[in-house]
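K.L.:
Which chain is which? The protein sequence lines are U and W, in order.
Throughout the first sequence, residue numbering follows numbering that gives the first Met the number 0, covering 0 to 267 in sequence.
Throughout the second sequence, residue numbering follows numbering that gives the first Met the number 0, covering 0 to 315 in sequence.
Calculated from the structure, these hints are not laboratory results.
It should be emphasised that the depicted structure is a prediction, and the values quoted were computed from it without experimental measurement.
Hints should not be assumed to be uniformly reliable.
[What the hints assert, rightly or not] The calculated lysine to any residue pairs, modelled on SDA-like cross-linking and capped at a C-alpha distance of 25 Å, are:
1) LYS21(W) / LEU161(U)
2) LYS100(U) / LYS206(W)
3) LYS206(W) / TYR306(W)
[To be verified] Listing some non-contacts, in silico: residues in chain W with all C-beta distances to chain U over 12 Å:
4) LEU16
5) ASP79
6) THR98
7) LEU127
8) CYS242
9) SER263
C-beta: ideal position from N, C-alpha, C; glycine also.
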Amino acid sequence: MRLPAFWPLPRTWQGWLTTALFAFMYGPILVLTVYSFNDSIRYTSVWQGFSLKWYESLFQDTRIFRALQDTLFVAIVAVAISSVLGTLMAIGLAKYYFPGKGVYRGVSYLPLIIPDISIAVATLVFLASLAIPLSIWTIIAAHMVFCLAYIAVVVSSRLGSLDPNLEEAALDLGATPAQALIQVLLPQLMPAIVAGCLLAFVLSVDDLLISSFTAGGGANPLPLEIFSRIRNGVKPDMNALSVLLILASGMIAALGEYLRYKGSMTDG
Amino acid sequence: MTASPTSKRWRFSQLELGQQFKRLLGALTLLAPPGLWLILFLVLPTLLILDISLVPGLRPGESGDGYGLGNYSRVFNPFDAAFDSVYLQVIGRSLYYATGTTLACLLMGFPVAYWLALMAPRRWRNFLVVAFILPLWTSSLLRAYAWISILRPSGLLNSFIGWLSGGLPGVQLPEQAWLYTSAAVLIGLTYNFLPYMVLILYASLEKLDISLLEAAADLGATPRQTFWQVTVPQTLPGIAAGCLLVFITSMGDFVVPTLLGGASSMTISRLIYNQFLGITRNWGLGSALSMVMILAVSLMIALLLKYGDRDSVKEA
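The following block holds chain U by itself, in its conformation from the complex:
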């Protein structure tokens, strides 16, 4: 077997820089992981020996688990509804021409462009002006805005590379438009829909600002809980939490990248 060109050492300065920046990207994660096993009394950068005690204290922390439940509930409900709405939007925009379509498309891109803080503030003021009490449902409503926008973008880019003849053939062969949509178009779009959902899920789970402005006292998603703990210093059990969350998101990422890879393979 031939060894790769960057083995054992890179041959060019670009290769060296890439190696260094890989270390830059993974170094902080590695530091967190190592310290999450540190047997220290308080948080210290000195290695005191291997211990699982931060994981134990994390697993006894009921606040964290309630926050995790809130976060998963918000993400799953928001992504589930948005997967339908976002896919409908992408298909509708690809299929129909109507006056004002440019405006519609422009608005659908806005959640990707406008900074989170602006969306968060606007949603808060809007809810306050209608006297809608803040709860976990207002977080879901606000998350659906960016979830459906991201899902629509991912599905749209897949739609652009599909063969339009297949759907027309189904219609010619006597399928109703609904049948053609469900039996021909949707299976082809499925990898993109799942990839879009994964992206939306990760963004929803990671969101701090929009949740902060729409949560009220009713719900306390995980990012809010983490933020309130770490803004005033270092808490060792947060290291253990980080490692677990990084492992979980690593698995989601691997799935997402695999789907993207598979999607790009079938295009050619």
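On the provided structure of chain U, position chain W as indicated by the hints.
P.N.:
Then chain W, alone, in the frame of chain U:
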């Protein structure tokens, strides 16, 4: 006799009308629900923000004083009695962080993307690109937290500096306060957005026509000439898209300046946050600042769409 073509045409147009109606119904079923949601939770709220940004001194439970450009003039007009230069300083600091982050990401990201797209072994490329952007999928709060534990006074960086000055006689490196400085914010932002830059530049460099580079070399161009006169112009749309994306997102970032920057690193998004959830509550001023940010970002996107390459924007 003459009625038959007319009735035929009438039937035809009736059929056409029916089809038109069906199309309209189809479009409505697909586009109305998401459109309604965006209008309700994005367009109307943004218009409402525009409206209350025109009410100076609006605080929760107060009606504010009149209607006008007072909030904007307080930020931008030095001749206004209520003008406070602190707002322009905050905007300037946000732009400074965004510019610094964009430059750092471009200078480090371009060689990495170049190596990944053109020099790395072909069978490893996909894997290496995915591995490089993998940290993007983890929580941005926890990535900032990781930097806190490295940069804080008794953190890893200062321990390392201490170890270095202990190990090397004659070398005295001072332990520094890294956390809660502008440097910490720039490091954290660069760490956050470098993968985006690499991803976009990689997509652009991957499409580069290698035969152009070979032709330039055959015609006697030095590698440096080839790079500046062939590679860079060919990937300019990707560079523009990557820089814009990093600039916009780092300008609006809240987590990194708040966690790594401390009190002295007030940015526009932190200032807006404080107008609503912090101590200094002024909804009118916060809305005006939010509108300024939305307008600035929209303007930049519009410029890129007008002068840039649409494909690379879409990929971003």
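K.L.:
It remains to establish, for every hint, whether it holds in the given structure.
P.N.:
How the hints compare with the structure:
{"no.": "1", "hint": "LYS21(W) / LEU161(U)", "verdict": "holds (24 Å)"}
{"no.": "2", "hint": "LYS100(U) / LYS206(W)", "verdict": "violated (31 Å)"}
{"no.": "3", "hint": "LYS206(W) / TYR306(W)", "verdict": "holds (20 Å)"}
{"no.": "4", "hint": "LEU16", "verdict": "holds (16 Å)"}
{"no.": "5", "hint": "ASP79", "verdict": "holds (23 Å)"}
{"no.": "6", "hint": "THR98", "verdict": "holds (16 Å)"}
{"no.": "7", "hint": "LEU127", "verdict": "violated (8 Å)"}
{"no.": "8", "hint": "CYS242", "verdict": "holds (15 Å)"}
{"no.": "9", "hint": "SER263", "verdict": "holds (15 Å)"}
The structure fails to meet hints 2 and 7 from the earlier list, while all remaining hints are met.
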